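Protein sequences, first through last, are from chains H and G. Here the first sequence stands for residues 2 to 363, where the numbers follow this note's numbering. Here the second sequence stands for residues 1192 to 1412, where the numbers follow this note's numbering.
It should be emphasised that the hints constitute simulated quantities derived from the structure, not laboratory data. Quick caveat: nothing in here was measured; it's all calculated off a predicted structure. Watch out, some of these pointers could steer you wrong.
What the hints assert, rightly or not - Listed next, the stretches of chain G that the computed footprint assigns to chain H, with coverage defined by at least 3 CB atoms under 8 Å from CB atoms of chain H:
#, region
1, 1208 to 1216
2, 1219 to 1227
3, 1251 to 1258
4, 1316 to 1324
5, 1391 to 1398
6, 1401 to 1409
Glycine residues also receive a C-beta, built at the ideal position from the N, C-alpha and C atoms.
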Amino acid sequence: MDDMTLGDLLRQRGVSRRTFLKYCTALASLMALPSGMGEAIARALERARRPSVIWLSFQECTGCTESLSRSATPTVEELILNAISLDYHHTLQAASGTAAEAARENAMQEAFGHYLLIVDGSIPTADPGYSTIAGVSNVAMLAETAKGAAAVVAVGSCASFGGLPAAEPNPTGAVAVSELVKDRPVVNVPGCPPIGVVITGVVAHYLTFGSLPELDALGRPRVFYGETIHDRCYRRTFYDRGLFAESFDDEGARKGWCLYKLGCKGPVTYNACATTKWNAGTSFPIQSGHGCLGCSEPAFWDVGGFYNALSVTTTPLTKPTGIALAAGAVAGAAVAIGNRRKQAATRAGHRRATLADLEKTS
Amino acid sequence: MTSTSIDFLLWVRGPGFAAAVVIFLVGMVWRLIEIFSLGRKPDLSLPRERGGASGMHTVFRRFLFPPGMLRRGPVAYLGGYIFHVGFGIVLLFFIPHIEMARGVVGFGWPGLPTPFVDLVAVITMVTLVVMLVSRLTDPVKRFISTFEDYLVWALTVLPLLTGYLAYHHLLLPYRTMLALHILAAELLLVAMPFTKLIHFVTLFPARWFNGDLFGHKGVAS
């Protein structure tokens, strides 16, 4: 089976060529490639040998794996995941214990310098004991496994930016993969969870072109994270017209108006949800009536409340206001007293001038 | 973490905004107490006319164009009106601004459609540019202009410009531009008590005082 190409495997699993081409064309359009590239992707993917992939899970919830593997119906994304030589994945592998660790070590040795390392979950740095696998701390395992990786894909917001484990006050000292892996290319595929096709899209890009896609300033593939949810949102016209839902059950909400006032983070969130949608293109959060949480952005868990509008301030002002008014009054009174004194001193210093004074010639 | 722009945005929305409000309030209370406590020499003369409502009169009358002045200084009068009203509309009736106010003071008010506010913002910015050009080219205006005049011009135009760029997703990522926009507004807030921008409050007592004084002397103000 190791000699089989991806094309062979997909055919074996009953994926028709039509379905496969549809996937490749959709991927090409998602990645904003010329329409002909769909076929090129298909050709490259079909011929691709099963790349060795090691998937490490650290402080995570398995939601990213779920996003990829638990679609309602088996999708091409899932099959591609199955088709790659997933040599090590806690959740999906059958082996456990020593055998599982041996699988990782074997894969590392056999494909040293060529395997793709996928990581989900953040890495605790406060104490290595917070998260260990087979007695090996997450930091040590990441360092060891990253050494032989051709590239590292940080899947999910935890691996990309620290995620929920890194939320204030970050008790485990959780950090992103990119904080620890400095000498290997790291691609961030954030989202809580990321869209399945985006995860496989990165892998497909790697298989097709032999390189990683172009990244933005946050290490995310531009092709999927190039535009905001807001810019591609079907409710955008309501924002432009100033029509907003005021609560989740008012007339505006029923009419599908913009959710900005209810805390939607669409305007500052770069992701492909509004275009690819979820569950085989069924819907996405805004379509189901809830604002975007901004889950593909750093620190989305700590950006001033999910239900506060984006322009709302995040620090309570009651106390500072009171202090400011008092301080202003004190400063004003002090300056006023100073001015009064100056006036009094000036008055006291006045000399009475007489006619005789004026007639004096100096 | 590689999240400089979100940290920046969080800072301007949180501690930065609180700091700006504190400086603004300290400055306003301090300066107003200072100004009003200066007092005036008691005027022992008899009023030439029954002063009456002359002070109040002037507060409102000064909103009108003095005869002939509209022709002599169209840029100052029309431009002044357009940019003040425009700035007010953008500041008070853009929905995200109202939401921000609701977050701070606990209540909001109806807004205007975004494209309209957008248009007003453009008109306001163009007007401000025209006024700057007039200030630079008119020899008299130029002569009486100080650094502070150019500073408050910049502080006024920056929130409009950054807001416009942020809304249209121009030049920089929206998040960075939004943060810059909020920062620009905070700078305006901070500068308000300590520059001639304080006129947004003092113009009313100043007009009243002038009107009252001239009424006392029996001359038109």
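Outcome of the hint check:
Coverage of a stretch by a chain is defined here by at least three residues with a beta carbon nearer than 8 Å to that chain's beta carbons; for the region 1208 to 1216 of chain G and chain H the count is 7, and the condition holds. For the region 1219 to 1227 of chain G, the stated coverage by chain H is satisfied: 7 residues place a CB nearer than 8 Å to a CB of that chain, which reaches the threshold of 3. With 0 residues carrying a beta carbon less than 8 Å from a beta carbon of chain H, the region 1251 to 1258 of chain G misses the three-residue requirement, and the given coverage is violated. For a cut-off of 8 Å, the count of residues in the region 1316 to 1324 of chain G with a CB near a CB of chain H stands at 0, and the three-residue condition is violated.
Counting residues of the region 1391 to 1398 of chain G whose beta carbon lies closer than 8 Å to any beta carbon of chain H gives 0, which falls below the threshold of three, so the coverage claim is violated. Only residues whose C-beta sits within less than 8 Å of a C-beta in chain H count toward coverage, and the region 1401 to 1409 of chain G has 0 of them, not enough to reach three; the restraint is violated.
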